[in-house]
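Starting from the given sequences, assemble the full structure and let the hints guide the process.
Protein chains: 2
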Amino acid sequence: MNAAPSIQKLLDELERLPGVGPKSAQRIAYYILNTDSSQALRLADAIHEVKEQVCFCQICFNYAEGDACDICSSAARDQGQICVVSEPKDIAPIERTGVFEGVYHVLHGALSPMDGIGPDELKIAELLRRLSSQEVTEVIIATNPNVEGEATAAYLARLIRPLGVRVTRPASGLPVGGDLEYADEVTLGRAMEGRLEI
Amino acid sequence: MNAAPSIQKLLDELERLPGVGPKSAQRIAYYILNTDSSQALRLADAIHEVKEQVCFCQICFNYAEGDACDICSSAARDQGQICVVSEPKDIAPIERTGVFEGVYHVLHGALSPMDGIGPDELKIAELLRRLSSQEVTEVIIATNPNVEGEATAAYLARLIRPLGVRVTRPASGLPVGGDLEYADEVTLGRAMEGRLEI
Numbered sequence: 001m002n003a004a005p006s007i008q009k010l011l012d013e014l015e016r017l018p019g020v021g022p023k024s025a026q027r028i029a030y031y032i033l034n035t036d037s038s039q040a041l042r043l044a045d046a047i048h049e050v051k052e053q054v055c056f057c058q059i060c061f062n063y064a065e066g067d068a069c070d071i072c073s074s075a076a077r078d079q080g081q082i083c084v085v086s087e088p089k090d091i092a093p094i095e096r097t098g099v100f101e102g103v104y105h106v107l108h109g110a111l112s113p114m115d116g117i118g119p120d121e122l123k124i125a126e127l128l129r130r131l132s133s134q135e136v137t138e139v140i141i142a143t144n145p146n147v148e149g150e151a152t153a154a155y156l157a158r159l160i161r162p163l164g165v166r167v168t169r170p171a172s173g174l175p176v177g178g179d180l181e182y183a184d185e186v187t188l189g190r191a192m193e194g195r196l197e198i
Numbered sequence: 001m002n003a004a005p006s007i008q009k010l011l012d013e014l015e016r017l018p019g020v021g022p023k024s025a026q027r028i029a030y031y032i033l034n035t036d037s038s039q040a041l042r043l044a045d046a047i048h049e050v051k052e053q054v055c056f057c058q059i060c061f062n063y064a065e066g067d068a069c070d071i072c073s074s075a076a077r078d079q080g081q082i083c084v085v086s087e088p089k090d091i092a093p094i095e096r097t098g099v100f101e102g103v104y105h106v107l108h109g110a111l112s113p114m115d116g117i118g119p120d121e122l123k124i125a126e127l128l129r130r131l132s133s134q135e136v137t138e139v140i141i142a143t144n145p146n147v148e149g150e151a152t153a154a155y156l157a158r159l160i161r162p163l164g165v166r167v168t169r170p171a172s173g174l175p176v177g178g179d180l181e182y183a184d185e186v187t188l189g190r191a192m193e194g195r196l197e198i
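Residue numbers (this note's numbering), protein chains in the order written: chain A, 1 to 198; chain B, 1 to 198.
If you are wondering where the hints come from, they were derived from the structure by calculation, not from laboratory data. Treat the hints loosely; a few may be bogus.
For chains that are exact copies, the list does not tell them apart, and a pair is met inside one copy or across any two.
What the hints assert, rightly or not - Straight-line Cα separation of at most 30 Å, DSBU-like style, residue types lysine-lysine; simulated pairs:
#, residue 1, residue 2
1, LYS51, LYS123
2, LYS23, LYS9
3, LYS51, LYS23
4, LYS89, LYS23
5, LYS123, LYS23
6, LYS9, LYS89
7, LYS9, LYS51
8, LYS123, LYS9
The following block contains the structure:
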């Protein structure tokens with residue numbers, strides 16, 4: 001686009017963002033150019049602030065400002081129920097359901113021998129330490145329902161069950177509001193197997 | 001999402017960007033959190049830099065660093081052909097065609113009496129001043145082919161034609177690679193009217 005060097009630099013940086021292609025980068029760059037300085041710089045400042053202030057919760061390894069995240073330090077949460085997720089971003093969708101009142105543990109990945117990710121690359125030792133140092137009644141393994149996630153869940157279940165802790169996994173089945181006709185056979189098979197009395 | 005305050009602030013700022021909804025904002029925020037600091041801060045710095053260094057070209061009112069933009073100050077461009085566009089962002093698509101070797105003039109809007117935008121709100125006086133101070137053989141009015149753009153083009157043509165300058169407008173017609181069947185009737189009508197000898 002024959003852009004001035006500083007505009008080109010901004011475009012390059014914007015295009016690195018996930019889901020932002022050349023067209024969106026250009027739209028965002030024009031927005032930043034057009035908008036008043038104070039507003040545009042608020043975004044720059046927010047990036048600085050987040051990189052300075054956010055670290056990992058020393059208990060669950062979610063993102064946090066300070067030693068413990070809001071969830072781990074909340075008196076309203078049941079410390080006896082731990083929901084294990086692969087990534088910090090998996091916490092938000094579970095929180096939005098509003099049905100889980102326990103705490104989390106973020107593994108920061110899933111077992112994937114092909115990519116060289118074994119148990120030592122994940123926060124598994126830290127999870128076992130939590131289980132031995134506090135009263136935990138249930139571990140819900142909410143890793144993704146894909147090959148790596150299932151393998152990780154099976155591995156963790158084998159480790160945790162001998163400790164006398166209940167190990168569960170969110171149900172697979174038909175999406176609510178979905179259509180039986182359009183369900184893939186694996187999902188529908190799981191839904192049939194997991195059928196409940198009504 | 002029960003986010004730490006600095007993460008929430010980043011999400012808020014990201015959601016202000018055009019084309020970035022809550023989901024994309026979250027994806028981008030997690031990317032910024034995950035990526036190493038130097039890379040994330042390069043984006044923040046690029047925003048700062050662009051707001052500090054970019055102003056308007058004093059000749060054509062495109063974005064520029066310094067008094068004149070790259071196009072106006074290029075010896076390779078024909079200063080006798082001026083392509084008039086509504087916004088700086090309209091220059092990039094024309095440049096990409098590679099067929100135009102003249103210079104530009106950015107109006108910063110289009111006539112729209114409903115929105116209170118008359119000739120005085122646009123860089124029209126500045127365009128007329130350019131026409132009187134330098135040898136210009138053709139003005140191509142490349143405002144958008146919508147109501148405001150057409151009105152602006154008609155208004156400019158009436159002003160400029162008496163100066164003995166050729167006034168043109170990019171052709172309307174069928175998109176190359178398009179399908180006659182799917183063309184809207186106004187576009188197809190324009191294409192028929194503007195038919196060329198082959």
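The hints, checked one at a time:
1. LYS51 - LYS123: within (22 Å within a copy, 42 Å between copies)
2. LYS23 - LYS9: both (15 Å within a copy, 25 Å between copies)
3. LYS51 - LYS23: both (27 Å within a copy, 20 Å between copies)
4. LYS89 - LYS23: This pair counts as both: shortest intra-copy Cα distance 26 Å, inter-copy 11 Å.
5. LYS123 - LYS23: Between copies, since 27 Å is at most 30 Å while 39 Å is not.
6. LYS9 - LYS89: Both: 29 Å inside a copy, 16 Å across copies.
7. LYS9 - LYS51: both (20 Å within a copy, 12 Å between copies)
8. LYS123 - LYS9: between (37 Å within a copy, 28 Å between copies)
Of the numbered hints listed earlier, not one is contradicted by the structure.
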